[in-house]
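J.: With chain A's structure known, arrange chain B on it following the hints.
Chains A and B, in that order, are what the protein sequence lines are.
In terms of the numbering used here, the first sequence is numbered consecutively and its last residue is 142.
In terms of the numbering used here, the second sequence is numbered consecutively and its last residue is 147.
Errors might be hidden in some of the hints.
Once the Cα atoms are required to be at most 25 Å apart in a straight line, the calculated PhoX-like pairs of lysine-lysine come out as [what the hints assert, rightly or not]:
(1) K30(A) / K24(B)
(2) K42(B) / K30(A)
(3) K42(B) / K24(B)
Over 10 Å on every C-beta distance to chain B, these chain A residues come out as not near it, computed from the model [unchecked claim]:
(4) G13
(5) P17
(6) R49
(7) D55
(8) H59
(9) A65
(10) L78
(11) S106
(12) R125
(13) E128
(14) A129
Note that these hints are calculated values from the structure, not bench results.
Remember, it's a predicted structure, so these values are computed and weren't measured experimentally.
Just so you know, even glycine gets a beta-carbon here, dropped at the ideal spot from N, CA and C.
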Amino acid sequence: MSEQVTYDGVAVGAELPAVSYPVTRLSLVKYCGASGDFNVIHWNERIARAVGLPDVIAHGMFTMAQAGRFVTDWAGPLGMVTEFGVRFSAMVVVPDDDIGATIEVSGQIEDKLDGNRVAIALTARSGEAKVLTRARAVVALP
Amino acid sequence: MAINRDYIGRTFAASEPYEVSRVKIAEFATAIGDPNPVYRDKAAAREAGHRDVIAPPTFAIVITMAASGAAMADPGLGLNYAMVVHGEQRFDYARPLTAGDVVTAQPTITEIRDAGRNVMLTTSTEIRTTAGELVCTAVSTLVERGG
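Okay, chain A solo, but in the shape it has when bound:
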């Protein structure tokens, strides 16, 4: 575990280095079960294509969870997420090839707020596509 980040140790504009998170068909099957979201477009290629999608796509909330993990890993055990919002701007297409797709998340300190809170602007990409926009988290730090 990295050293605990503190409010005083954070500067506006600082970049949070990108982290890549893999997503495979198995990830989606697990996420269906854990979340209770069994929408067929997340596991059934035949139906996904029939409704006009290029292939099976990841749950938006799976992508948001990766961005959340990026934030909580950065914030450390004593950081607490107080706000977290995203817009889903593109699909994460997950081919059935044992490699799947990659979600790359990066961030930048956007603002320092009262109450020891820090606002982080987040970016998430999969391949060429920006899969989240207006993605922002506010974290209370020690």
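T.: Frame of chain A; chain B shown alone:
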């Protein structure tokens, strides 16, 4: 069938009480690939200042989706779920959901509006303990794709 605008402002019944369990939190954390010990190990969670293991931030969707799913399936609303994709999601947290919490979720439809050929439907769902403590507010925007 068009979405019924009369549903703007409608608050649905609160869900049955949901008990947040360590096992479900661990399952969810594993499913999102997050090995963080505060989601599995009570001692690690207590060291971080929590009563018991806490849930990852997006775990709240498990609770709100069960409640808003029932609302979205209301035949009077007229939403075509096969054409629905998730447009936006936002959470405001008073504190993390923690193992042992017993909570209910109560959704309100706050907005239904056209966006080109699509319709955007926004719900705001409060997650409260059965004692009435507000833990999280989740705001979800669903997009019904136009034909």
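J.: Over 10 Å to the closest beta carbon of chain B is the bar; see if E128(A) clears it.
T.: Correct as stated: the minimum Cβ-Cβ distance to chain B is 20 Å, above 10 Å.
J.: Just checking, G13(A) versus chain B, shortest CB gap more than 10 Å?
T.: Since the minimum Cβ distance to chain B is about 24 Å, G13(A) lies beyond 10 Å and the statement holds.
J.: Grab the minimum beta-carbon distance between H59(A) and chain B and tell me whether it stays above 10 Å.
T.: violated, 8 Å
J.: Decide if the proposed pair is consistent with the structure: K42(B) and K24(B), CA atoms, cutoff 25 Å inclusive.
T.: Holds: K42(B) and K24(B) sit about 14 Å apart, inside 25 Å.
J.: Would you check whether the claim that S106(A) is not at the interface survives, using Cβ distances to chain B and the 10 Å cut-off?
T.: S106(A) clear of chain B: closest Cβ-Cβ about 18 Å, beyond 10 Å.
J.: Assess, step by step, whether the Cα of K42(B) is no farther than 25 Å from the Cα of K30(A), and give holds or violated.
T.: holds, 23 Å
J.: Is it correct that the beta-carbon of A65(A) has no partner in chain B closer than or equal to 10 Å?
T.: At roughly 4 Å from the nearest Cβ of chain B, A65(A) sits no farther out than 10 Å, so the non-interface label is violated.
J.: With 10 Å as the threshold, tell me whether R49(A) passes as away from chain B on beta-carbon distances.
T.: Correct as stated: the minimum Cβ-Cβ distance to chain B is 14 Å, above 10 Å.
J.: Given the hinted pair K30(A) and K24(B), is their alpha-carbon gap at most 25 Å?
T.: Within the cut-off at roughly 12 Å; holds.
J.: For P17(A), is the shortest beta carbon distance to chain B beyond 10 Å?
T.: holds, 18 Å
J.: Confirm or reject: D55(A) is not an interface residue toward chain B, with every Cβ-Cβ distance exceeding 10 Å.
T.: holds, 15 Å
J.: Against chain B, does R125(A) hold up as non-interface, every C-beta pair farther apart than 10 Å?
T.: Nearest chain B Cβ is 17 Å from R125(A), so the label holds.
Hint compliance for this structure: hints 8, 9, 10 are broken, all remaining hints hold.
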